[in-house]
Amino acid sequence: DTAVSQTPKYLVTQMGNDKSIKCEQNLGHDTMYWYKQDSKKFLKIMFSYNNKELIINETVPNRFSPKSPDKAHLNLHINSLELGDSAVYFCASSPGHEQFFGPGTRLTVL
Amino acid sequence: DAKTTQPTSMDCAEGRAANLPCNHSTISGNEYVYWYRQIHSQGPQYIIHGLKNNETNEMASLIITEDRKSSTLILPHATLRDTAVYYCIVRALNQAGTALIFGKGTTLSVSS
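As given, the protein sequences belong to chains H and A, one line each in that order. So for the first sequence, the numbering used here puts the first residue at 255; every next one is plus one. So for the second sequence, the numbering used here puts the first residue at -2; every next one is plus one.
Keep in mind the hints are simulated off the structure, nothing from the lab. These figures come from a predicted structure and were not determined experimentally. Errors might be hidden in some of the hints.
Under the rule of at most 25 Å between Cα atoms (straight-line distance), these lysine to any residue pairs were calculated in the SDA-like manner [as the list claims (entries may be wrong)]:
| id | chain 1 | residue 1 | chain 2 | residue 2 |
| --- | --- | --- | --- | --- |
| 1 | H | LYS295 | A | LYS0 |
| 2 | A | LYS101 | H | THR313 |
| 3 | H | LYS276 | H | GLU312 |
| 4 | H | LYS295 | H | ASP324 |
| 5 | H | LYS298 | A | LEU48 |
Pulled a few chain H residues facing chain A out of the computed Cβ check, cut under 10 Å [what the hints assert, rightly or not]:
| id | residue |
| --- | --- |
| 6 | LEU281 |
| 7 | SER293 |
| 8 | PHE355 |
A virtual CB, placed ideally from N, CA and C, is assigned to each residue, including glycine.
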């Protein structure tokens, strides 16, 4: 009964490739987020969607494109991967005050 | 940038209370204080939040000073599983999609 799930858990790929990370929540929340945690463990917001509409788009390269096909899903597509994209990516959903985080996807770009 | 200041690390003996302080001297009237924690290799986990009054739930207690410029998270009986990075975050909930701005947090080490 995972509330927020992400696939894959680990992703190892070569520079220049295009990859996607999927996120699904079964909590019925309207708002979903993508956060990035770098090697120094800093957690930063990337995107926020509310009812499938983009609300927040922090200073993120346009190689990153979120897609929300419905309220329960927020996928992250990354084009032309670079070494600096290596990080753990967390999806989250929220009904308001509390944010529920997924287990994370560890992306390694070689 | 994070609007809070927390000690980098703290130690606590198992079974004792862990008191984690947080300074948020520039907090606005409509901003809440939130606490999250991140256990190694897991996603952040919500603990508790408050606006003005002290709050308690099954995980912890939150004490907010009267001037709201600082707060303390209390884990009443710390266990080894409470070892984690604890984040104090201030955030206004005035619109959907308001993100959490994480600082460096406090690394709490609970030992037996």
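### Message
With the threshold set at 25 Å, check whether the alpha-carbon distance from LYS101/A to THR313/H stays at or below it.
### Response
At roughly 20 Å apart (the allowed maximum being 25 Å), THR313/H and LYS101/A satisfy the hint.
#### Entry: Status of the hint placing LEU281/H at chain A (closest C-beta pair under 10 Å)
LEU281/H check fails; min Cβ-Cβ to chain A is 13 Å, beyond 10 Å.
### Message
Under 10 Å is the threshold here; is the Cβ of SER293/H close enough to any Cβ of chain A for the hint to stand?
### Response
violated (14 Å)
### Message
Holds or violated: LYS298/H and LEU48/A, Cα atoms, limit 25 Å.
### Response
Distance of about 24 Å is within 25 Å: holds.
### Task
Assess, step by step, whether the Cα of LYS276/H is no farther than 25 Å from the Cα of GLU312/H, and give holds or violated.
holds (20 Å)
### Message
Hint check: LYS295/H vs ASP324/H, CA-CA at most 25 Å. Holds or violated?
### Response
violated (30 Å)
### Query
Does the interface hint hold: is PHE355/H within less than 10 Å of chain A, judged Cβ to Cβ?
holds (3 Å)
### Query
Does the structure keep LYS295/H and LYS0/A at a Cα separation of 25 Å or less?
holds (18 Å)
This entry does not satisfy hints 4, 6, 7, going by the numbered hints stated previously.
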